[in-house]
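S.K.: Here the protein sequences line up with chains F and P, keeping their order.
Numbering (my numbering) for the first sequence: 1 to 459.
Numbering (my numbering) for the second sequence: 1 to 405.
Rather than coming from a laboratory, the hints here were simulated on the basis of the structure.
One or more hints might be untrue.
Below 35 Å or equal to it, Euclidean Cα-Cα: the simulated DSBU-like pairs (lysine-lysine) are [unchecked claim]:
id	chain 1	residue 1	chain 2	residue 2
1	P	K259	F	K305
2	F	K225	F	K305
3	P	K118	F	K447
4	F	K447	F	K305
5	P	K118	F	K225
6	F	K225	F	K447
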Amino acid sequence: MADLAIRQPLPLETPLIEGQPTYGDISRDVARVVESRPPRFWYIALAVSGTLTLVLLGVLTHLVRTGIGIWGNNQPVGWAWDITNFVFWIGIGHAGTLISAILFLFRQRWRTSINRAAEAMTIFAVMCAGIFPLMHTGRPWRAYWLFPIPNQDLVLWQNFRSPLMWDVFAVSTYFTVSLLFWYVGMIPDLATLRDRATTRIRQLVYGLLSLGWRGSARHWSHYEKAYLLLAGLSTPLVLSVHSIVSFDFAVSILPGWHATIFPPYFVAGAIFSGFAMVITLMIIARRVYRLEHLITMTHMENMCKILLATGTIVGYSYAVEFFTAFFSGNPYERYVFINRVTGPYAWAIWTMFACNVFAPQLFWFRMFRRSIPVMFAVSIIVNVGMWFERFNIIVTSLHRDFLPSSWGHFTPTIYDVLTFAGSVGLFLTLFLLFLRFLPVIAISEVKGVIPSPGGKGGH
Amino acid sequence: MPTTTSVPQPQAAFSYRLEESLWRRGRNVLWIIALAAWAACLFGWATDRYNFLGSYLVHFMFFLTIGWGAMFFVMVQHLTSATWSITLRRLMETIMITVAPVTLLFLPVALGLDVLYKWAAPGFFDPHNPDLAFKRAFFNPPFFLIRAVVYLFVWGVLAFVLYRISVTQDEGNHQESISDARTWSAPGLLVLTITVTMAGVDWVMSLDPFWYSTIFGVYVFSGGALAFIALLILVALALRAAGALGDVITVEHYHDLGKWLFALTVWWAYIAFSQYMLIWYANLPEETAFFHHRAEGSWRYLSLLLVVGHFLLPFLVLLSRAAKRNLTVLGLTAAWILVMHGMDLHWLILPSVHPHGFHLHWLDVATFAGVGSLFGLVFWYRLRSHPMVPVGDLRLAASIAHQNQ
């Protein structure tokens, strides 16, 4: 891989992996998660998340039978929680791509312990995101109309000028490439699981999934080239997906939506929320499966630094938006921002500021960056804040636009809440299944960042 | 996997300083250019203040944005503990410290405020229009100048402190310098971003007093970061040609610089596209005015040139690994990008001065040489006062030995 060269630990660096494990130790420690009976925590968590997933199925069934009127969407707030949730989940996914693609190209070796789980999280988050626009169409069985393929039902040609159309392409490309990246990266580890398998079924399933991997030099050479190429392909996707999601809003002329800073601002926010989710999940996983020596405090601290950096970028964007609202001399623009901080949804924006801008500032201090309880709390607070950010952008701009006679108010219904809670359940269920059946840490990559048995640098 | 014995090491006998005769020659050339150019600038100021100030602002911003880029990179390298770039760090810092003379060079802009900026005329913003209350409070000469002093002070302090810390490291307190540099870099980056954004709004965006774009600060900053990497490549190549650096900067480092050049070319294009596309799509007259001016007369061709020259060409060239590792190709691309950065600033600033079309003026040459020679002199004097690589950094050997793949 491209980062082979700097894998040689420098004398001044603290080792990334603690306890000086051997290659065999790493294989065993990671495979153990999949091979042994899951701990009690796993069953309890699956019961809860599984129940929520069933709730999701129930609500969606009711929604399809009745119509999206069961949600609180109204006129003028035609987009509300559904699009908020869509942007929220898409954003969560970004950490995975950033870690697997951009940090790889930046030769950040610490990514190796967390990239697998983050990539899995990306895929599950995009799946959750997909539910919302699909259901918002009201007739999900006609979803193929979104694709430019001939359809018999009516003479319909997709509106390529609509950013919602661009979303379809951006998100499906993103999903495909993320899935490929995840899977290709996993092949050597699947082969490890196959080789260690003790039951016929495991041998068969992992054998099929590992595509005949034998670990020969030729395999590795092809694998590393493919990985580098996929990293290169994924890098623009980190920027493009959320930029296009931001276009959904920014191409309009609605005050509070139409801002040229939206693309990079959305991307920073996405990475911010994604890392918060990785921190939340990793804190639990490393504790439950005793992986603290592989996902060390150094990893956690680095993620906290990224949280601080991206949270501050998000804060910068808020500031620039507010400044420009006043600076522009545009009375509508100005009103929207005054309304955001003082209007009926003011509580939401102050929650957002507190969660996204102020909470991560704790991470200026090393003490907090290395405290598991603090980072666990902040990571959850950040995701609450990022959900509210999307809610603010969407609802406060829509509920009061140019004409006071067409102003309105949005109140969520129980179905809004249940759909969102259900999507959280689906996400967690998929993640728990991932923990159960697939290697949670990239075994072969972590082996690359520990000193080789000969004692002479990386492998 | 190369072992540490087979790669270039910092050589104890090598001083990493310029040969005195070479340095003198460079200094003499710079002084001659400076004197001639400033004489021409003074003549321009006296006879054609309007054109002079337009060209002057372009070239002042040209070197200033590069200084911002340098500050940004120095701090980012500290914060990420990057190893590969240690061997380049002193050159980065020497470019960074050129921000020092900006304080002086801002004077013509301050003195020519009423010529350059339409809003500086009393009563420009209708005093009876409540929507313009913020603009009236924000854009008036005293407040504008106070802000400028704040920016200049902040940049001066940041550049000076970071430079100082690095130089102290040469004398041997490695760990302390590293932690000092990191302590300054994190808040420094934040303060730099805020001041750069505000300076972009004040000095460039306000040339069109009613136009606004939230991404503008990021746009100016990204152009500067790109131009800085381009200049760094050229400086390193020039020193290499003069045989002044031994082999501490290898093709591996150029390859990585080439990757940065590529990444920032794409980043600049991403920001420029975001700004253009969103304004074009929404089609609001108060926003499209900016691009309308730049589609008028020969400005249209400059706009198109930026799409092709600032993005497409370098993008296609730098995609290839071989190009990034070929020093001639890399050098030419870097030079081309610097020209394009100049064109970008022409495109941002001069449509307010020459609304009907792009044309080069003799004052463009004079102001470029004037501002550039002063930046060059600061660079040149600083370059002599310390070794050209951070010899006190214990990671230097690892940095020199850096390999891609």
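S.K.: Compare the structure with the hints numbered earlier in the document and write down the numbers of the violated ones, lowest to highest.
M.R.: 3 and 5
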